[in-house]
Structure formats: structure tokens, C-alpha cells
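Enquirer: So the chains spell out like this:
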Amino acid sequence: MPDSVLLLTLIVLPFVASIGAGLLPTGARDTASALAGAVALIGLGMVWAAYPAISEGTVLRAEFAWMPSLGLNFVLRMDGFAWLFCGLITGIGALVVLYARYYMSSEDPVPRFFAFLLAFMGAMTGVVISGNLIQLAFFWELTSLFSFLLIGYWHHLAAARDGARMALTITATGGLSLFAGILVLGHIVGSYDLDAVLAAGDRIREHALYLPALLLIVLGALTKSAQFPFHFWLPHAMAAPTPVSAYLHSATLVKAGVFLLARLWPAMAGTDAWTWTVGLAGLITMLIGAYIAIFQNDLKGLLAYSTISHLGLITLLLGLKSELALVAAIFHIINHAAFKCSLFMAAGIIDHETGTRDIRRLSGLNQSMPFTARLAMVAAAAMAGVPLLNGFLSKEMFFAEALSAEAPVSTLLNILPIAAMTASAFSVAYSLRFIHGAFFGPEATDLPRKPHEPATWMRFPVEILVLTCIVVGVLPAATVGPFLSLAVHSVLGNHVPYYSLAVWHGFNLPLLMSVVAMVAGILLYLLLQRRLRSDVEGPPVIWRLEGQRIFERVMVFVSWRLARRLEAVLGTRRLQPQLRLLVGIAILAGATAAWWRGFGPGNLPPSPVDPVLLLIWVVGGACSLGAAWLAKFHRLAALILVGGAGLVVCITFVWFSAPDLALTQLTVEVVTTVLLLLGLRWLPKRVQLPGERGPEVLSRTRRLRDLALATGAGLGMAALAYATMTRTPPDLLARHFLARAYTEGGGTNVVNVILVDFRGFDTLGEIFVVAAVALTTYALLRRFRPAQDSVEIPEQQRDQAATDANEAGRAEPGRVADWLLVPFTLTRLLFPVMLIVAMYLLLRGHDLPGGGFSAGMVVAIAIILQYMIGGTEWTEDRLRLRPQLWVGAGLLLAAGTGLAAWLFGRPFMTSYFAYGELPIIGKVPMASALIFDIGVFALVVGATLLMLVALAHQSVRAHRAAPRRAATEAGDD
Amino acid sequence: MNQAADLPLWAALPVAALVLLGAGLALVGSIGLLKLRSFYDRIHAPTLGTTLGIGCVLLASMLFFSVLQTRFVLHEILITAFMVVTTPVTLMLLARAALYRDRQEGSAEVPPVPPAAPPVKE
Amino acid sequence: MELVLSLGIGVLAGSGVWLLLRPRTFQVIIGLALLSYAVNLFIFSTGGLRSGSPAILEPGEVGTIAEYADPLPQALVLTAIVIGFATTALLLVVLLAARGLTGTDHVDGRERER
Amino acid sequence: MRRWLPYPLVALSLLVLWLLLTGSTSPGAFLLGGVLAVAGSGALAALTMPAAHLRRLATIPALLLDILVEIVRSNNAVARIILSPGGTSTRRSGFVRISLDMRSPHGLAALACILTATPGTVWVEYDSSDGTMLLHVLDLIDDEAWVRIVKDRWERRLMDIFE
Amino acid sequence: MSAAIIGSAVLIAQIMLVAAMGCATYRILRGPRAQDRVLALDTMYVNAAILLVVFGIRSGSIYYFEAALLITLLGFVATAAASKFLMRGEVIE
Amino acid sequence: MTGWIDHLLIAPIVVPMLAGAAMILVGDRSRTVVLALGLLSTAALVVLAIVLLGLAQEPVVRIYRLGNWPALFGIVLVLDRLTALMLTLAAVLGFSAFLFAICRWHRAGAHFHPLFQFQLMGLNGAFLTGDLFNLFVFFEVMLAASYGMALHGSGVARVRAGLHYIVINLVASLLFLIGASVVYGIAGTLNMADLAARMRSVAVEDRGLLETGLGILGIAFLTKAAMWPLGFWLPPTYAAATTPAAAILSILSKVGIYAVLRVWLLLFGDEAGASAGFGGTWLLLGGLATIAFGSIAVLATQNLPRLAGASVMVSSGTLLAAIGTGQVAVTGGALFYLTSSVLAIGAFFLLIELVERGREVGADVLAVTREAFGTGEEDEESPEHEEVGVAIPGTVAILGVTFMACALLLAGLPPLSGFLAKFAILAPLLTYGDGGVPATTWALMVALILSGLASLIAMLRVGIDVFWASPAPRVPRIALLEIASVSLLLVLCAALTAGAGPAMEYMQAAARALHAPGDYLNGVLAVPTTLPGGGG
Ligand code: NA
Ligand code: NA
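Protein chains in written order, with this note's numbering: chain D, 2 to 974; chain V, 57 to 178; chain E, 26 to 139; chain R, 2 to 164; chain B, 504 to 596; chain H, 274 to 809.
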């Protein structure tokens, strides 16, 4: 089988099967477990198939391009070490699947469970056979993710949710740190390829960035392997179904951390920094984990802390500067997987059969489930390091290393043997507690369920694992020896030290230490009997130091309270500060650039001051400042002043030879004023109260700040304008347009030719803006709901209605019709006049000031005038306006004119003009631009009316609603 | 201003006079806006500008362009016509609005609402 | 003349910014109107100021920069005026809707509590 | 004819308007102007404008001349009032209520235009139920004089034309 | 000669007209009543229209005429709307 | 003179333009016709975008001279890799949002469909145009339509947020105008390529003024890109908008990024003479601040729409900072990130509503106290029934999977493209500093990692709360099209992961072209082979 097929099958199959399992129906327990089991066995088969090549020292490798430009390829790489892990993953995986089939309730929707388990298997495989470190980080995070899903499988339980959340938060954070560390490592080495990195050990250790890389990567490994101070997530992960714990928390997930440390050992280990970080963390974890484990009342909790402790042991071994320690570490990885997995399974059986895992409630199970008890005892003995079991062997190696390792500082060296013995004694104590507490003593009578032996196949995986513990313990060299050698060789290459896997090394110091630890452990357990039976939760001395509590406090503070406070400080949801910032930063941006480079007035001699325009701008400035002053309490005045300022702008345009601008400005001015007046009716009355004058200190400073900003903006604009105006304007475009407006654009009004031809695309976009706005206002006004105090009919009208009601024989609107009699007549007469003027502006636009826009505005004004004087109903009875139709037709006409050029093989918006000869009329200019302008015209008429009429209709609605409201109010009284 | 040089003196003098007269009337009207005491007095002031004021200037403009272009320019008539038609609309609405507001405040300056007329029998 | 117009633009912009920073929606819309006058004039002014130059070509004429004002800024201003008009209308309707829905004409849709 | 050209006089005025605007008397201008004028009068018809039937057209020029004279006279008078230093204190302004006989909306509109166009008088209010009009006069010396001026000088002549 | 006469007359006239606009502005600013402000705006429009006609004479160009025309034809709509607002509390009923 | 293939350049603008206009004409008369037009247009845009993506890979920069005027005097559309990429993103997002909208949301107010088309037209126009003022116009088209989209459905929250959104954008538009007119006043051109060509030769005494104008212009862009402290408007606006509107709005902030990429790299590249690298540090610092603030905002909310809005800020900040480093390869990575983040955030916005549909009213209020971090009292469950899993209904399961996918994308975790996107920025960033690694690189690295962590924590909090902690989830009614539209975007993210190699090559090529705009300049400013002028 080619390497690539083998490796791909190994990694892809679990994911594919995971999707398959996820799609199974809820009740398909057998199908799902069969699928999962088959995948694990196939994987195991693949591992088996790879053995011949691996045993020859070949590294299986398959590489696929992924992001080659960034040095990221999908590399699958299996050496002896990876092979060993693959064996653990698939082999123990198969056993766990079998166990889970019986453990999980038939009511449980297990296909989901197996889907997660399979995906996890794939991710874990990915971690161990990644040949690219980025890819390793990729799968690393996936293991966190799927372990999260597995831990939270029973998400209806709060403990499961919390445990899952904590596990993911910590391991994924570690994963991100690992990712960063790998990036730094890649920067040092110049490649993320594992082989390249492993080959560059010396360069890495000497690089300035070694320490950051080391810290980041170690952080990732320690979090994953539940090392102090990140250990606390693991006990909470016990909320997962027991098969999950048996798989993830003994053999796979938590081993990923130590796997990584071992993997990178040749590249990164061997420095003081390494020993201090990795070794110290392992040492502390080993002790704390073992100590706490003694005081756990939950069987799984005990096993969890024991796992922490054993992983601490492995980490400590990896942290030492010794090849032999590495051998011991790898050996213990295997051993721990076997005994811990079987113990988890045993704990699960107890839980399954009795309904509880509380050591204090359990008792005398030896009677009801003797076979399980034997199995558990053997496994626990292996955990305690009893001779002739696998745990003893690696423990002996550890003791030997503790005595001989070279530590960076002698103090560490001195405490190592003592620490090793202490931890070992603790592990004896908690192993005793596990066995003694659950299986011995009088038979418990108040258990939730009546205990009996589990189903045969549920016990089978435990039997296999316990058997392994015994066989390895008795015949280490013959059984595990070759595999261990393979793994060690693939990590250390040529530097493998001599080590012996014999059961008996003669009477030596390590053996003495073992005996002492054993005796001390038994004594400790006996001493603690009373305390352990009491209801006191947690270990003495450090019971307050609960990692979870601290973690949650910190998380709530940092990620919620602090974040909210910071968001309030650094951000705002109010408009005024946002605008202040925007204006302020714009001023700053301009000022900084100006200050950096400096700009002064240009060299153009200033044109002589026209006293008339000067005076006009005195008026304009007064209007502008007046509007700013009065806008709060005298809205109408402000509006009128804006009108005045607009008029000044309009005159300025005239002054500087821009009649088109003047016309447009004027029409826009009028329509805007009418619009704002229409809106004024719906705003609250705002009158200046006597008390409102004196501004408080706070608001005074705020006003001063705003005044400064406004002054800054004004001065800035003035400076910018003056500097621009006094520079010779570049005239390339101007020349071009002036020269070609008539000859190539067919019009004498250059501005209009630019608008409808040279830059007609701008105009096309512009009318779509108008259309979009009109549609939006229409849509918004359809849902308009006036404020409570604006709903009522204005008092003017109510007063008049009351007066009219007193007059017999006069209908309510009578008076109004009277006052409006003359204006009514005159404005109706003006209607056709305005239309004719509009046509005039439209048709001559290309050659003379005018054009579609101003013409459209005039028509809209003409119509709105009728609305104003005649009233909505009257006008709409007579003029059937379909503003939306005008809008649509206008847009299509304008766009269609642009499109028509395609028919002639020209680009969009290419114009066409010619002078046609017509009888009687004579020469007639025919320009496609005119049709375009007519489109603009139609759109402007439609859009303006759509907005104005929609706004006007609100009054009609209010009038209709008012009597209704009056009626209901009367009914309420 | 270049074209003005081409204007014969006989035309220039009346054009100048008319322009000054018109502008003067408009100014006087606007001064009235400042000087006159009540709103109802002030409402008369701008009509100086809207009638004779603009009329004189338009006449000047007609004269100026007609002589220069040696043909009649009659555009300006339109402005006059528009002014005549539009001014009453504004002023009537405005006067009426002021009347309403003053009555509302019970001002003694304005006449009260006329007594109810006898119902008209059809 | 340039100084006069620059100062005019400055006054319009300053008044506009002042109003923009006020708390009432109506003040804001008036401020934006003034600001867009300032900006329109500014765009217009970038083509240089030409008083009394002809605005329209003679038929068949090839215009020159010596005689005519730069027409491009004018075209840009026209587009800007139209877009400004449309957005002012929209803002008006939105502020009315906000006033209707929230019951206040404060820009934040609620009075500032102090 | 009525259907296509509801207001011939209006249409004619619109044509004149068009010709004045374009400043052209070419056949093309006439043709286009004519079409637009007819369309414009149609638009007016849509607004259900009551048609005016003018009579005694011959009196119009004299009326216009009178109006012009009156405008010049009152411009002078009002300008004096404004400019004279004490003009504001000795003068009395006030409202005059005048009962009108004219009912034609066109006639009333014309009257309003005349009164507004002559500085010193402003039409304030009109009550159709009894046909009274409220006039504000800047320089009100004699109420009755104003009633006479309005009724004799303007209303009667307008009624001749419009009713 | 003609140029000087017309030129100075036009300049004086324009200054008078701007002064007139200034008066109107003062009235807008001072009020006291809303109707005064509306009236002043109307006056301002008229003065502006006259100013533009005079400017037409000054520049000898007929292209500014339309602006004056539009001011007279459309300017009143704004003031009429404001008046209507004062009179009835809303512009369109 | 122009082959049909040249017209393809303008088709992304013309198609929605015509569709929208026709929709207005049809009005309320036939809903079917409107829907058919919409479907036709949005689907056509996807096809067009793919074709243009192909065209963009040809070595020449394609240009389209509107009105057949030479590039200097008329307006040109330019197609390069970046443009094609942005067009594709807009088209895909548009298509998804359209499918989502027609299930129910388009009935929430009037004129949804034409506004939607105009929105797409504005976006496409902004991406295609090569003219600074025309860019303004299309910004306005886009914004005008976006106002409609943001306000679609009305209601207090939308109107309140919409008011802020509109006012701020109006001010930003004015700044844009000021900047553009200074550019015209000094450089005398509006064509971006021409402007770039003239940058070197700007007189010393004019350079300060020009840079002032460009600085102001930059503020306008950065406001739209929601850079801190100019982007506070974004989360509330997007959160308040209706779902499809929010999805389509989410690409709007990227238009600001696009503008920065386009204009800034064009004008201030290495060839800009004295102005080279103008403001780059500010871009980088602003980006970092935006990441920080966005991450804080992500953490500070339990409300999914706000969370999504804050995520948009994080993504904007990341892009700004990456661009601010001024390195080609980092820009390439940024483009990869841009693609991934647009798709992810779009999917997330669509998903949020589906998720919330199944939630009980007020659930999240309770959740904050009860389940923020499990600090509340533990639930009391009876031990007999506890250890049996709860079956998850299919709909909820699909939602859960899609939610998880979005969470992973936002947090930058594998297996979807979020992880690779961060890698694509970080890897070249670290590789560059061959001597020492500059502090800003570390800062950006920390910011990226921590922002991912913040997203993870926030999404975890909300996800657990929604999918796990709610008692007996009510199965929401979800149309197939709705979930399909979300899935489409997520599948694209997966495809981006799988095809990361070719995708990254495209992005790198685009980045190289952006940093060395010689081809762009030559392509745009080439003398047309045909006679100019539209006459005759
Ligand atoms: Na016990
Ligand atoms: Na009068």
C-alpha cells in the first residue's frame, strides 16, 4: 500500500465516518457503534500494515500542496513515535467504542456521540502524523473542539456545559499560543516543516527568539496536558460520559501535550529555560495532582487528579536534560494509557451498575461484582507502581532519573528524589482509597441500583487492558520493548542511550525508594481514614485554591465586567461624541498633513475685491451665524436664514459665471424649504423657557469645546479654500472639455455637456441616489407613527373649526376656502406657466443654462404648490400623479439611452448627436443626450413628488385619525 | 462691462437712472421693513421693490439689451408678470397668518372675527 | 476676492459644524445644510474664480481656458447639490420617524439623563 | 374645440410666454410653443379652473393705465412715509372692512393683485358668505374714502370685465 | 462715457440692493414674530432677483436672466409655504 | 470597436441598474415579476463575477471607457484582480442575502427589491470605477440604498441607529468631497491612475496641500471602514438592520477597506516620490486600536447581532493594520482574510436571525445572570434521569453546526478558512522582519491572537447558552432557502480552505499588482486605439 493511501485513510476515514454517523437516525445505536468500531479497527489495521516499514526505520511521508507560497503544505508523516501514538489512538479507540456501546443508554441519541468520537479520533491522528507544524496546530485546535463537544455531550447538565466551556477555553487558548509559538519557530527556522525544524535544534536554541517561542509552545502543551496552573479543567471534564474520559483523559487528548513536548524535544529541549518551564511545571503538577487525588470522593475525580499527577510525572521527565528521562517518559505514556483507561472503564462500570461514583457511599462491591473488582485492583496496583505490573517499570526508571538527572540548579536536584517518592506515596494512597473504598467493607445497601457484574462485552475492554498491564509488567522487553525502541529511536535518532527493560535490576536505590514510598503510602491512607470518611470536601491546606473558582472569577471579570466597562470608556453610543470625534479627527488629519509638509497661499495674485460681493457675503455670514444661533428655539427663523444663506450662495454662483449652478441651487433651495416646513409640523414645540438660559458649568465647557471645534473647522476650511484658490488651477481637463463640448458633445452649455455626456455616468449614478432616497423615504413614511404630542390637528385648525362651528350654515373648511380664494385662483393659473418654464429649461439645457434636473424640480414645485393651496384631496382628485411610474420610467429611459450605444457597437453612454432638417421647423438638434436628460427630468419629477407627497399624506392620515381618536377618548370617559 | 461702452449716451442715461431708481425703491422698501413699527405696516414696505422697484430695473434692462442687440428684448416682461401674480399670494397668506396669530393672542390692534352672517337661504 | 469667498466658506462651515454638534435633530439637519453649502462652494472654487466670463459657447466655438471658467468643478457641484438635496430629504424623514417612534427630537432618541 | 382647447386665452398667453422665453419667432418656435400651450391649457383644465368670460375688453387698457398711475403715486407716497423722519408717528394705519359685490373669482383675484401691487394697501381677509373683505391701509386717513376708492375705482370696472 | 455712467450707476445700485438685503437679514434675525421673518425672506428674494437683473446689465450677459426669473417664479413658493405653515400649522392639509 | 466581452465590464453595474428600475415600474402590480427580476439579476451577477474573475487573471488590465471618451477626460471602469475579487464577494453575498430575503424579510417594508438592486449596483460601481469622483457617486448610490436597507422594516431601534448612521455618513461624504476637490484643484485630474502618475511630479509647495486633502479623504474612507474611533456607528446599525440587510451591509464596511487599498496603495506606493507611505503608521495603529476595541465590544455583549457588528469591526481593524504594514505578502494575506471574513460574517448575520427565531423572548436577559460563566446556582437535576443525552431536532442540529462553523470562522480556528486567513497574514508578517522583528509585528500578532480568543469566548458563551442551556429548544420554522443561503457561504469558506493554494496565489498576485501599480497605470492611461468622441 502506498504511504499516501495508508496515511490518508488513517486521517480521512474517521472524519468521513463521523459525518456518516452524524446523519444516522437518533436510535441507531448498533449501527453507529459498529461504524465507529470498524473505523477504529481499520485504523489499527493500517497501523499494523505500517509496522514492517516503520520497524525498518522508514518514515512514511505524503505531501500535498496546500498553501505552498506560505510554506504550508499538507504533510502526513509517520515515524516510530507517531506510529506508537497511532496505535494507542486506534487500539484504545476500538476498545472504548466497544465499551461505549454498552455504557451508553439505549435511549441516548448515540449516533451524535459516535460522530464526535470519530471526529476526535481523526483530529488526534492528525496531530500525531502532521509533518508540518502549522498543520499540527490546525489539528490541535480540532482536538480541543471535538473534546469540547464530547465533554458537553450531556449538555442538559450544567456541569457538562461548564466543564466543556472551561476545557475549550483553556485548551483553545493554549492552542492559539501554540500557533503563535509555531509561527515564531517557523520564523527562526525558515520553515514549518517538522523535519526541517527538528534538524535545526542548535539554531533554534541559539536564536534570540528562542525564549518567546519556547514559552508560547510550552504554554500550548501544558494547557493541553492539564499541567499546573492550568490543570483544573480536567476534573471538570469528568462530566463527560465515562467512555470519553477513558479515551480522552487517559490515552489521547491530554497526551497530546506531552506528545508535542517529546516531538520537539530534539529541537527545543536541553536548555535551562526548558527545564525550568517544563520540568518545574511537571514537578508541581505531579505533587499537587497526587495530593488532591487522595481527597476526592468521586471515583472519576480521583482518577482525573491522578491523571494530572501522572502527566506531571511525564512532563517532569521530559523537562530533564536526559535522553534516558525521555525514554522513561515515552514508556510511561504507554503504561499510563493502559492502566488509567482500564480504571476509568472500571469506574464507569461501577457508576453504571450502582448509579453512583461517590466513594463514601460505595462499599463492599467485591461481593456483588468480584470479577470487576479483581480487574480494578490489578489496574490500581499498576497505577500505584506495584512490581510485576507495567507502572512499576516506568516508575523505577523515573526514580533512577530523579537520582541522576542534571538539573540547572542544585536545589531542584536535591528535592527531585524526595518529590518523586512523595508523589509515589500519594499515588499508593489514592490507589488504595479507590480499591478499598469501593470494593471492600460491608456491602452497601442504599445504592441507587442493585449492583451486579456488567455485560461481558462491557468488561472485555477492561480485561484486555489489564492483561496488557500484567504482560508488560512481567515481560517488558519481549512485549513493549520493540515498540518503545521504535518510538525512542524516531525521536532521538542516533542519540538513544542504553536502557534496560528488565523487571529486576537488583537491589538498588530506586528499589529502596519504591519500598519506602509503598509503605509511606499505606500509612498515609490509614492515617487519613477518619478525615476521608467525613463529609469534608476537598484536600486540606490548599482546598481554597480552587482553580476553577479563580478561573471563573477572572473570566467573568475580564471578559464581561471589564470588557463592558472598557467598551463604555473607549466607545460611545451617542451621536454627538461620535461627530465630535469625526470632525476633530478630520481637522487633525488635515492639520497634521499640513503641518508636516506645510502649505501657504498660492502665488496667484488675488483678484480685486468686489464691494458688492463682499457685502453679499456679510449678509451670507450673518444668515449663517444667525441660523446657528437660532436653530434651537426658533426653527422657522433658522430655516429662513438657511434660505438666505442659500440665496447668497446662489448669487455667488451667478457672480462667478455659473448660471446652471444658480438655477439648480435655487430650485433645490425652494424644495428643501418646503420639505423642512412639512417636517416642522411633526417636531415638538420648542420654546425658550426663562430658566433655560443659564448654561451649567458642564454644558458651558461642552459648548466651549464645540465652539473651538467649529472655529477650527471654519478656519481650516477657509485656509484650505484660500490656498486652493490662489493656486493656478491645472487646466488640462478644462481645456479639453471647452474645446470639445460643441464639436464632439454637440452642446454649447459645457457644464451640461459634461453632465450628460463626458461624465454622464456620474449623473446616471446620481439619479439612482435620488431614486433610492425617494423609495426609502416612501417606505419609511408608510410606517410613520407620529409622536403623541404631534398627532393632534394643529391648534390653528382647531380654533378655526371651532369658530366656523359657531357660524351657522358654514361647513368647516369654508373659511379656509375663503382665505385661499384668491391665492387659489392665482396659483392654478401659475400651474401651466410653471410647466412651460420647465419645458423651456429642459429643452434648452444642452445649449443654455437649464437641464433635466432644474426642469424636473420646477414641475415638482408647480405640483406641490397646488397641494399647498388646494389641499391634498383636491389635488389628487384632479391630477393623477404616479410618482413611482415617473421614477421607474426616468431611470429606465436614462439607463436605456446609455445602453443604446451598444446597438452601435459603442461603449455604454456613448452619445450621438446630429442636426436634422425638418420641414417648416428647420434645423433641429437631435442629441441622445437630450433623451438622457429627459430621463433625468422624469426621475426628478417622480422622486421629488414621491417624497413630498408621502410627507404631505401624513397630515391627511392624521386628520383621518383625529376624529377616531376623539371618539375613543370620549368613550373612555 | 465691455458692452456698456457700445451703448449710446442717450440710452445710457435713462438706463442708469432707471437702475438707480429701482434699486433705490427696493432699498427704501427694505428700510421700511426696519423702520415701520407694526407688522401690518411693514408688510407694505416690500411692495415698493416688487412693483416699481423691479419694474424700473427691468425697464432699464430691456432698454440696455434692446439697444445693444439692436432688437427688442422682452424677456423682462415675464418677470414683471410673475411678480404681479405671485406677490399677492404670499402677502395675503402672510397677512392672514399674522391676523390669526394676533387674534389668538387677543391683540387689540387687529379687528375681531366678523360677526356671524345670517345663514344664506338657497 | 478669494479671501472674501474663503472666509464665507469658513463661516458657513463653522456654523454648520457648530450645529452638527448640537443635540437636536433639527439643529443637525440645518447644520448639514450649511456645511454642504460650504463644501459646494469649496468644490466650485477649486476651478478658480472668474467673474463675468461667458458661460455658454457660441455654436461651433472651440472654447479656450483664457475666456471661459473651468466647467468641470461646476459639473461636480451640480452632482453634489443633487445628492445633498436627496440626502437632506432622507435625513428629514428619518428624523421625523425617529421623533415619532421615540417621542423625542434628541439625536440619540432619548434625552440625556444627568 | 372646447375639448381640445378649454381656455383659448390662457393658451394664447402661454404661447406668448413661450415665444418670450425663447426669444424666437421662428416657425419651429411657434409650432413647439403651440403644442406646449395647448398642453398647458389642458393641464389647467385638469385643475378644474372655472373659465373666465371676459367682456368689454376695450376698457382694459385704460384700467391698466390707471393702475400704473396709481402704482407710481402710491410708491411715492409710501416711500415718503418711510423716509420722512416723523412719518411713522403722525400717520395712522389700520384695517378697513369693505363689503364687495363682485363674486367672480377671477375678478377678485385681479382686485387682489391691484390692491397688493399698489403699495400702501394689503388685502387681508375675505369672507365669501357676506362678501366682505378686510383691507389693511398704511396711511388711513378716512375709512370711507378707502371704501369708495376700492369700490368705484376698481371693483366696478373689474365687474364690468369679469361678470 | 456710457461705460462709466452705467458702471457707476450699476455699482451704486448693487450696493443699495445688497444693503436692502442686509435690512431684510436684520429683520429675519430680529423678528420679533415669525411673520416678520417670512416677510423679510420674501423681501430678500425680491431684492436678490433685482440684484441679478442688475448684474445682467453689469456683465452684459443675458444668461443670468433665468436665475432672476426663477427667483420670482419659485421664490414665493417657499414664503407661501412658510405663511401657510403659520396660518394653518401645516403646509399641506 | 468594442467586442461583447468588453461590455462585460460594465454589466455588473448595468444588470442591477436595469433590474431595479424595472422593479420600480412594475411596482406592486406583480410580485412574481419583481421576484423573477431579482433572481435573474442576482444570479446573473454571480455568473458575471465568475467570468470577470477569469478575465482578471489575464495579464492585461482591462478598462472600459464610458461614453468612449479617453480615460483622462471621461470616466473609466477598470478590472483588475482586486476588483474582480470584490465583485465576486458582493455577488455571492448578494445572491445569498436575496435568497434569504425572499423567504420572508422582503415583505417587512416597501421597495425592498429595487433598493437591494441599487445596493448591489452601488457596490459594483464602487469596485469598478477608476475615477475618484465617480467613486464618490457610487459610494453615494451604495449608501443611499444602504440607508433604505438599514431602515427596511422601520421600528425604533432601526430608526434610531439609522439616524446616526446617516448623519455620520453624510459628514463623511462631505469630507470625501472636500478631499476629492482638493485633489482636482491641485493635481487637475480625477482619474485615479492619472493622479497616481502625477504624484511624483507634484510641486513641492503644492504637496502639503495635496496631502492635506488626501488626509481628509482618508478620514472619509476610514469612517466607512469603521476604524476606531470613527466606527461606533457600526454595531448598532448592523444589529438593528433586518437580517438580509445586515448581511449585505456587512460588505459595506469592506468598501472603505477597498478604497483604502485602492487609493492608498495607488497614490502612496513606492513610486509616489516624496509622499510614499503617507499615513501608513496611522493605518497600522488605527487598525490595532480597532481590533482592540472590536474585541472588547465582542466580549461586552451577549446580543448576537451586536456581536456580529463588533466582529465586523475586528475584521476591519485586522485589514487596516495588515495593509498598514505596507508589505506585499501581508497585503496578499489580508485579501485572503478579507474574503474569508466577508463570507463568514455574511453567513453569521443570516444565521443569527434563524437562531433567534427559536429562542424565547427574554431568554438572553435571563442568560446573562444565570449562565454567564456558570457562576450562578447549579441547576438541580434529579440524578435518575440525568445521564441520558437529549435528542436534538434536525433543524436545531443544522443550526448548531452552522453556528459552530461561524464561531470557528470568527475566532480564526480550524477547520474553516478563518484559521488559514490569520495564518496568511501572520506568516508573511513574521517572515519579513529578517533582522529583528519590529514591535508593531508583535503587536499585530498579539492583537490577532487575542481577538480570536475574544471571539471564541463570546461565541462560546452565547452558543452554549442558545444551543445547550435553553430548556427544550423550540424548533424554529426555517425555510430551506434560508438555511441554504447560509450554507452556501459556509461551503465557500470550506472551499477556500481546501483550495487555499490557488486562492492565495490569486491574492498574492493581486497584492503584487496593488503594490506595483505599473500595469494598472499603463492599462488605464494607454492611448485608446480607436478614435475618441461620440459624435456622428
Ligand atoms: Na466507600
Ligand atoms: Na400693496
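Keep in mind the hints are simulated off the structure, nothing from the lab.
Please note that a few of the clues may not be correct.
Claimed, not checked - Short, incomplete list of chain E residues facing chain H, as computed with Cβ under 10 Å: (1) Met26; (2) Pro48; (3) Ser76; (4) Pro79; (5) Gly85; (6) Val87; (7) Thr89; (8) Pro98; (9) Leu120; (10) Leu126.
All residues carry an ideal CB built from backbone N, CA and C; glycine is no exception.
Enquirer: Indicate, hint by hint, whether the structure satisfies it.
Expert: Hint-by-hint comparison with the structure:
1. Met26: Result: violated, 16 Å to nearest chain H Cβ.
2. Pro48: violated, 12 Å
3. Ser76: violated, 18 Å
4. Pro79: Violated: closest Cβ of chain H sits about 22 Å from Pro79(E), beyond 10 Å.
5. Gly85: violated, 13 Å
6. Val87: Cβ of Val87(E) sits 14 Å from chain H, so the hint is violated.
7. Thr89: violated, 16 Å
8. Pro98: Given a least distance of 7 Å, the restraint on Pro98(E) holds.
9. Leu120: holds, 6 Å
10. Leu126: holds, 5 Å
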